[in-house]
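Per numbering that gives the first Met the number 0, the sequence shown starts with residue 0, numbered consecutively.
By construction, these hints were calculated from the structure, which means they are not laboratory data. These numbers come from a predicted model, not from an experiment. The beta-carbon is built from N, C-alpha and C at its ideal position, and this holds for glycine as well. The reader is advised that the hints may include incorrect statements.
In silico lysine-lysine, BS3-like type, Cα no more than 25 Å apart, as pairs [said to hold, decoys possible]:
#1 Lys108 <-> Lys70
#2 Lys5 <-> Lys108
#3 Lys23 <-> Lys44
#4 Lys72 <-> Lys108
If you anchor each label on the Cβ, the simulated ranges turn out as follows [claimed, not checked]:
#5 Ala125 <-> Ala54: 14 to 20 Å
#6 Thr117 <-> Gly87: 20 to 26 Å
#7 Ile19 <-> Lys72: 45 to 51 Å
#8 Arg83 <-> Ala50: 46 to 52 Å
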Amino acid sequence: MYAVIKTGGKQYRVQPGDVIVVEKLDGEAGASVSLGDVLMLGGDKGITLGAPLIAGAAVAATLVETRKGEKIKIFKKTRRQGYRRTNGHRQMESVLRITGIDGAGENAKWDGETSLMTKAEMNLRARGLAPRTEETEVEAKPAKKAAAPKAEAAATEDKPAAKKAPAKKAAAPKAKAAETDEA
Numbered sequence: 000m001y002a003v004i005k006t007g008g009k010q011y012r013v014q015p016g017d018v019i020v021v022e023k024l025d026g027e028a029g030a031s032v033s034l035g036d037v038l039m040l041g042g043d044k045g046i047t048l049g050a051p052l053i054a055g056a057a058v059a060a061t062l063v064e065t066r067k068g069e070k071i072k073i074f075k076k077t078r079r080q081g082y083r084r085t086n087g088h089r090q091m092e093s094v095l096r097i098t099g100i101d102g103a104g105e106n107a108k109w110d111g112e113t114s115l116m117t118k119a120e121m122n123l124r125a126r127g128l129a130p131r132t133e134e135t136e137v138e139a140k141p142a143k144k145a146a147a148p149k150a151e152a153a154a155t156e157d158k159p160a161a162k163k164a165p166a167k168k169a170a171a172p173k174a175k176a177a178e179t180d181e182a
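Let's have the full structure, built from the sequences with the hints guiding it.
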């Protein structure tokens, strides 16, 4: 099931479980948000269009974070007058996780867990720069202990050592043969 909603003067097509970025909404991280401006619903029973809104339809979401968006640069210039001005702006935006859609005799819920991890923290973890927490250290220690017995077992088995093939010796006589042909 999907819905088309209107918020912040823009329209979004959403399904349960989607993460969308909209203009700033009031509330703290983890708060539940209900979006009542539903323009269209689509599902198993077909498409329901509003005129302009669908009465009784709502989209439930969880506010993940409120952050500043990408920087927009404003540059003004007047030719041959020496007039140049540079300015910038970062719009506040909210990140929402859609948790449910209700209306037109149907409803759809998202069964997953809503993580409140910010985009900045996700970027740091992806690059391996995030600070370690106690939970990750506890999970890492049993993994090292489990790997150690396998390494000891592999060392105790008698395996013949791998031999390296002499590649340079085979190439040297060919070079000498080429020099004698030229002379």
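Tested hints:
With a C-alpha separation of about 35 Å, the suggested pair lysine 108 and lysine 70 falls outside the 25 Å cut-off, and the hint is violated. Among the hinted pairs, lysine 5 with lysine 108 is consistent with the structure: their alpha-carbon atoms are about 20 Å apart, no more than 25 Å. Under the criterion of a C-alpha separation no larger than 25 Å, the hint pairing lysine 23 with lysine 44 is inconsistent with the structure, at around 33 Å. Distance check on the hinted pair: lysine 72 and lysine 108 sit about 40 Å apart at the alpha-carbon level, beyond 25 Å; violated.
Taking 14 to 20 Å as the suggested C-beta distance range, the pair alanine 125 and alanine 54 does not conform, at roughly 43 Å. Range check, threonine 117 to glycine 87: Cβ separation about 22 Å, and the 20 to 26 Å hint holds. Look at isoleucine 19 against lysine 72: about 25 Å separates their beta carbons, and that is not inside 45 to 51 Å. A beta carbon spacing of about 50 Å between arginine 83 and alanine 50 agrees with the range 46 to 52 Å that was offered as a hint.
Violated hints for the displayed structure, listed by number in ascending order: 1, 3, 4, 5 and 7.
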